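S.K.: From just these sequences and the hints, can you work out the full model?
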Amino acid sequence: MMKEMLNNVRKTAPLVHNITNYVTVNDVANILLACGGSPIMSDDPGDVEEITSICGGLNINIGTLNARTIPAMFLAGQKANELGHPVLLDPVGAGASSLRTNTAYDLMEKVQFTVIRGNISEIKTLALGEGTTKGVDADVADAVTEETLSGAVEFAKKFAAKTQAVVAITGAIDIVADGEKAYVIRNGHAMMGKITGTGCMLSGMMTAFLVANPENSLEAAAAAVCAMGLAGERAHERLAPEDGNSTYRNKIIDEIFHMTGEILESGAKYEMR
Amino acid sequence: MMKEMLNNVRKTAPLVHNITNYVTVNDVANILLACGGSPIMSDDPGDVEEITSICGGLNINIGTLNARTIPAMFLAGQKANELGHPVLLDPVGAGASSLRTNTAYDLMEKVQFTVIRGNISEIKTLALGEGTTKGVDADVADAVTEETLSGAVEFAKKFAAKTQAVVAITGAIDIVADGEKAYVIRNGHAMMGKITGTGCMLSGMMTAFLVANPENSLEAAAAAVCAMGLAGERAHERLAPEDGNSTYRNKIIDEIFHMTGEILESGAKYEMR
Amino acid sequence: MMKEMLNNVRKTAPLVHNITNYVTVNDVANILLACGGSPIMSDDPGDVEEITSICGGLNINIGTLNARTIPAMFLAGQKANELGHPVLLDPVGAGASSLRTNTAYDLMEKVQFTVIRGNISEIKTLALGEGTTKGVDADVADAVTEETLSGAVEFAKKFAAKTQAVVAITGAIDIVADGEKAYVIRNGHAMMGKITGTGCMLSGMMTAFLVANPENSLEAAAAAVCAMGLAGERAHERLAPEDGNSTYRNKIIDEIFHMTGEILESGAKYEMR
Chain L
1 MMKEMLNNVR KTAPLVHNIT NYVTVNDVAN ILLACGGSPI MSDDPGDVEE ITSICGGLNI
61 NIGTLNARTI PAMFLAGQKA NELGHPVLLD PVGAGASSLR TNTAYDLMEK VQFTVIRGNI
121 SEIKTLALGE GTTKGVDADV ADAVTEETLS GAVEFAKKFA AKTQAVVAIT GAIDIVADGE
181 KAYVIRNGHA MMGKITGTGC MLSGMMTAFL VANPENSLEA AAAAVCAMGL AGERAHERLA
241 PEDGNSTYRN KIIDEIFHMT GEILESGAKY EMR
Chain F
1 MMKEMLNNVR KTAPLVHNIT NYVTVNDVAN ILLACGGSPI MSDDPGDVEE ITSICGGLNI
61 NIGTLNARTI PAMFLAGQKA NELGHPVLLD PVGAGASSLR TNTAYDLMEK VQFTVIRGNI
121 SEIKTLALGE GTTKGVDADV ADAVTEETLS GAVEFAKKFA AKTQAVVAIT GAIDIVADGE
181 KAYVIRNGHA MMGKITGTGC MLSGMMTAFL VANPENSLEA AAAAVCAMGL AGERAHERLA
241 PEDGNSTYRN KIIDEIFHMT GEILESGAKY EMR
Chain H
1 MMKEMLNNVR KTAPLVHNIT NYVTVNDVAN ILLACGGSPI MSDDPGDVEE ITSICGGLNI
61 NIGTLNARTI PAMFLAGQKA NELGHPVLLD PVGAGASSLR TNTAYDLMEK VQFTVIRGNI
121 SEIKTLALGE GTTKGVDADV ADAVTEETLS GAVEFAKKFA AKTQAVVAIT GAIDIVADGE
181 KAYVIRNGHA MMGKITGTGC MLSGMMTAFL VANPENSLEA AAAAVCAMGL AGERAHERLA
241 PEDGNSTYRN KIIDEIFHMT GEILESGAKY EMR
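Chains as they are written, first to last, in our numbering: chain L, 1 to 273; chain F, 1 to 273; chain H, 1 to 273.
Derived by calculation from the structure, the hints in this document are not laboratory data.
Values in this document were obtained by computation on a predicted structure and should not be read as measured data.
Each residue gets a CB set at the ideal place from its N, CA and C atoms; glycine is no exception.
A hint or two may mislead.
Claimed, not checked - Here are the simulated DMTMM-like pairs of lysine to aspartate or glutamate, each with C-alpha atoms no more than 25 Å apart in a straight line: (1) H:79 x L:139; (2) H:110 x H:82; (3) H:194 x F:4.
Unchecked claim - Computed far set for chain F versus chain H, every beta-carbon distance over 10 Å: (4) 33; (5) 39; (6) 75; (7) 128; (8) 141; (9) 145; (10) 146; (11) 171; (12) 178; (13) 194; (14) 215; (15) 236; (16) 261; (17) 272.
What the hints assert, rightly or not - Computed Cβ-Cβ distance ranges for the label pairs, DEER-style: (18) L:110 x H:106: 35 to 45 Å; (19) H:162 x F:239: 48 to 58 Å; (20) H:139 x L:146: 57 to 67 Å; (21) F:214 x L:266: 57 to 67 Å; (22) H:11 x L:238: 25 to 35 Å; (23) H:102 x L:112: 44 to 54 Å; (24) H:106 x L:273: 51 to 61 Å.
M.R.: Shown next, in the form of structure tokens:
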């Protein structure tokens with residue numbers, strides 16, 4: 001199943017429109033190319049509707065949102081909805097400021113998202129109006145552990161049912177859920193938290209998976225999470241002792257570049273709940 | 001000839017003003033440093049005229065244009081024209097949206113460009129009002145192949161004559177033409193299409209070549225195209241089996257860093273038409 | 001002493017708010033993670049006060065300042081002052097345009113900085129209203145050499161006394177001074193000038209050092225300068241003959257990732273003046 005999700009990306013080379021932050025945008029573009037997609041970035045209200053129209057899907061990331069780009073997010077999101085394109089929300093820093101939290105709320109109200117992907121603190125903020133986002137990283141107090149996993153899975157399903165979106169909560173243990181079932185994923189490596197943008201990269205790549213697998217949003221989202229985590233594991237194995245987080249970033253993208261459906265299928269570690 | 005073009009960059013260390021997209025800007029800055037130039041980025045209408053005045057040349061790339069930066073492109077372009085500085089236009093995504101297409105048209109009307117550099121779909125859009133730009137990549141239907149090469153060379157010369165600019169169309173086969181003669185260049189590697197920003201990097205570096213060789217814009221532009229393609233070839237030879245597009249990007253910039261006039265001269269593959 | 005400065009960063013994982021340029025922002029984020037800090041970027045006037053409030057310190061870099069982000073710099077700086085957070089100014093390109101020079105002046109007037117860090121041309125511009133900034137790089141005529149060192153140290157102390165900030169002038173020889181004493185630092189490698197953003201990265205990392213060592217701003221700033229220079233030396237030793245500036249950048253960040261207090265202590269080359 002995982003295998004087909006990736007193979008479909010490579011077969012169809014989906015063009016993905018990204019309204020994303022300027023911190024990690026280059027890595028987002030390169031990982032999209034690595035997985036077989038094609039990126040375009042456009043964030044001006046005067047440009048985004050046409051650009052999203054020629055694309056297959058839209059990735060909205062609020063990491064460095066501003067007064068000019070926020071309206072562009074709404075315009076692009078609504079146009080993508082009209083056209084039936086998958087749209088992903090990455091609510092970077094929701095809970096860390098009112099502008100971020102309120103923009104994410106408004107976006108959820110006016111745009112139908114196919115996937116909402118964030119860390120547990122961000123998703124809690126969106127679902128419950130609480131959560132203690134520590135900047136752009138999840139708070140330790142919120143972390144999904146083996147102990148809190150069952151509750152977190154139920155929480156994800158409930159939020160998915162409410163939003164009619166697939167909910168992807170990523171962290172040490174990842175949960176990808178719709179209203180009825182959830183993938184619990186155990187791929188990844190702790191050192192991924194020492195690179196800026198693994199979440200942003202995943203959101204960009206996941207959008208390509210959604211475009212290429214329009215009938216299987218849940219599986220596509222889960223496959224993207226497994227692919228990212230597996231790339232993190234495989235890249236980590238190839239690190240020399242003196243390699244640090246910057247080299248690790250390059251190697252993770254390289255691993256996606258070389259990942260085949262078979263590698264993904266055999267390396268994906270997940271269970272259904 | 002190629003040799004002198006690069007040597008002059010290293011001798012004079014041209015300062016290049018870039019109004020460029022935020023996706024690939026870091027690679028543009030690093031490749032400018034690698035080739036012996038010096039980059040400065042500035043895109044606010046209140047800043048660009050003074051900045052371009054202290055530079056030797058200007059690189060305008062519309063990849064993430066917006067309502068604030070578009071006026072800056074005109075101001076900087078006109079100031080650079082006044083001062084006799086070379087100005088390059090990289091019409092990223094022309095044909096993909098009206099804002100991009102119209103901005104590129106307007107820029108061509110109000111700024112005299114030394115070089116217009118893009119993929120075949122972008123250049124067709126500017127020249128003919130058609131072309132089927134696929135996002136920021138050229139459409140396969142437009143591609144310059146051995147079969148369509150003669151026609152493409154004539155097209156490039158005609159557009160160059162009309163715009164009084166050197167026209168650089170880059171792809172699997174590159175064409176760099178003025179109104180009378182054209183370089184047909186066969187350097188490069190297909191994997192370069194799997195990295196974001198090879199075109200943007202080339203535009204930045206080419207501007208340094210133009211500044212350093214003010215009497216030889218055609219040759220300077222052709223030398224930059226050969227250098228980029230050759231770096232792509234040489235970096236590809238050094239890839240380990242597990243290296244992917246992210247490492248490839250680093251190695252291409254590294255190859256420019258170490259490229260000598262001699263390496264360029266002996267590795268450049270071109271013919272005149 | 002150096003040792004404790006770095007160890008305190010790793011112990012406390014300071015969250016640093018960066019209003020920084022889009023050229024080098026990804027490297028700034030990754031080096032902050034590498035040293036043990038945590039980065040957040042936010043530059044919209046509607047977002048920065050809340051974001052800076054949840055952080056420990058603020059890094060203001062004017063490298064690609066614009067009409068929207070300039071007011072954000074003032075709002076964030078004043079809020080950080082209110083909260084007693086360390087605030088660093090990196091006056092990129094001061095002296096190269098009036099907008100940059102005047103913004104830096106205004107910021108110094110309305111925000112109390114903990115550290116002002118720039119190259120000699122930028123700092124001369126701020127201190128004397130002169131200096132011949134060559135784009136974003138220091139002018140050779142301004143360079144701190146063994147011959148001009150004594151004068152430069154006095155100049156730095158005087159400017160530090162006047163601004164009540166630690167003044168860090170970085171170049172081939174670095175000076176980090178308050179009104180009374182100065183560190184003269186001789187770490188680093190000439191090839192660091194061939195990478196975009198070593199200054200920006202240092203400013204980001206230095207802010208983390210300031211947050212983690214609130215009672216020792218002078219030592220913290222000096223330790224960050226030594227760490228950056230030492231990483232440049234160690235990374236350079238590990239370069240293969242074909243490695244260029246892009247790989248060097250990755251290896252410098254990697255060196256910070258693996259740097260221990262002991263490595264820093266034994267590798268730091270400084271004297272007090």
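S.K.: All the hints need checking, so say for each whether the structure fits it.
M.R.: Comparing the hints with the structure gives:
Between residue 79 of chain H and residue 139 of chain L, the direct Cα distance comes to roughly 24 Å. Compliance with the 25 Å bound is thereby established for this hinted pair. Between residue 110 of chain H and residue 82 of chain H the CA atoms are separated by roughly 12 Å; this keeps the pair inside 25 Å, and the hint holds. Between residue 194 of chain H and residue 4 of chain F, the direct Cα distance comes to roughly 22 Å. Compliance with the 25 Å bound is thereby established for this hinted pair. Residue placement check: residue 33 of chain F does not keep its beta carbon more than 10 Å from all beta carbons of chain H (closest about 5 Å).
A Cβ of chain H approaches the Cβ of residue 39 of chain F within 10 Å, the least distance being about 7 Å, so the stated non-interface status is violated. The beta carbon of residue 75 of chain F is kept farther than 10 Å from every beta carbon of chain H, the shortest such distance being approximately 12 Å. At roughly 34 Å from the closest C-beta of chain H, the C-beta of residue 128 of chain F stays outside 10 Å, upholding its exclusion from the interface. With a least CB separation of 34 Å from chain H, residue 141 of chain F remains clear of the 10 Å interface cut-off, as annotated.
With a least beta-carbon separation of about 32 Å from chain H, residue 145 of chain F lies farther than 10 Å from that chain, consistent with its non-interface assignment. Listed as a non-interface residue, residue 146 of chain F keeps its Cβ farther than 10 Å from every Cβ of chain H; the least gap is roughly 33 Å. Every beta carbon of chain H lies more than 10 Å from that of residue 171 of chain F, the smallest distance being close to 24 Å; the non-interface claim holds. No Cβ of chain H comes within 10 Å of the Cβ of residue 178 of chain F; the nearest lies about 30 Å off, and the non-interface call holds.
The Cβ of residue 194 of chain F lies farther than 10 Å from every Cβ of chain H, with a closest approach of about 17 Å, so its non-interface assignment holds. The claim that residue 215 of chain F lies off the interface holds: its Cβ sits roughly 24 Å from the closest Cβ of chain H, which is beyond the 10 Å cut-off. Interface exclusion of residue 236 of chain F from chain H stands, the closest Cβ pair being 13 Å apart, more than 10 Å. At roughly 16 Å, the least C-beta separation between residue 261 of chain F and chain H is larger than 10 Å, which holds for a residue marked as non-interface.
Residue 272 of chain F, annotated as away from the interface, keeps every beta carbon of chain H farther than 10 Å; the closest lies near 31 Å. In this structure the supplied range 35 to 45 Å holds for residue 110 of chain L paired with residue 106 of chain H, their Cβ-Cβ distance being about 38 Å. Between residue 162 of chain H and residue 239 of chain F the Cβ separation comes to about 54 Å, which falls inside the hinted range of 48 to 58 Å. For residue 139 of chain H paired with residue 146 of chain L, a C-beta distance near 59 Å keeps the hint of 57 to 67 Å intact.
Separated by about 58 Å at the C-beta atoms, residue 214 of chain F and residue 266 of chain L satisfy the suggested range of 57 to 67 Å. Range check, residue 11 of chain H to residue 238 of chain L: Cβ separation about 30 Å, and the 25 to 35 Å hint holds. Distance hint check for residue 102 of chain H and residue 112 of chain L: the Cβ-Cβ separation is about 46 Å, which falls inside the suggested range of 44 to 54 Å. Distance hint for residue 106 of chain H and residue 273 of chain L: a CB-CB separation of about 56 Å, consistent with the stated range 51 to 61 Å.
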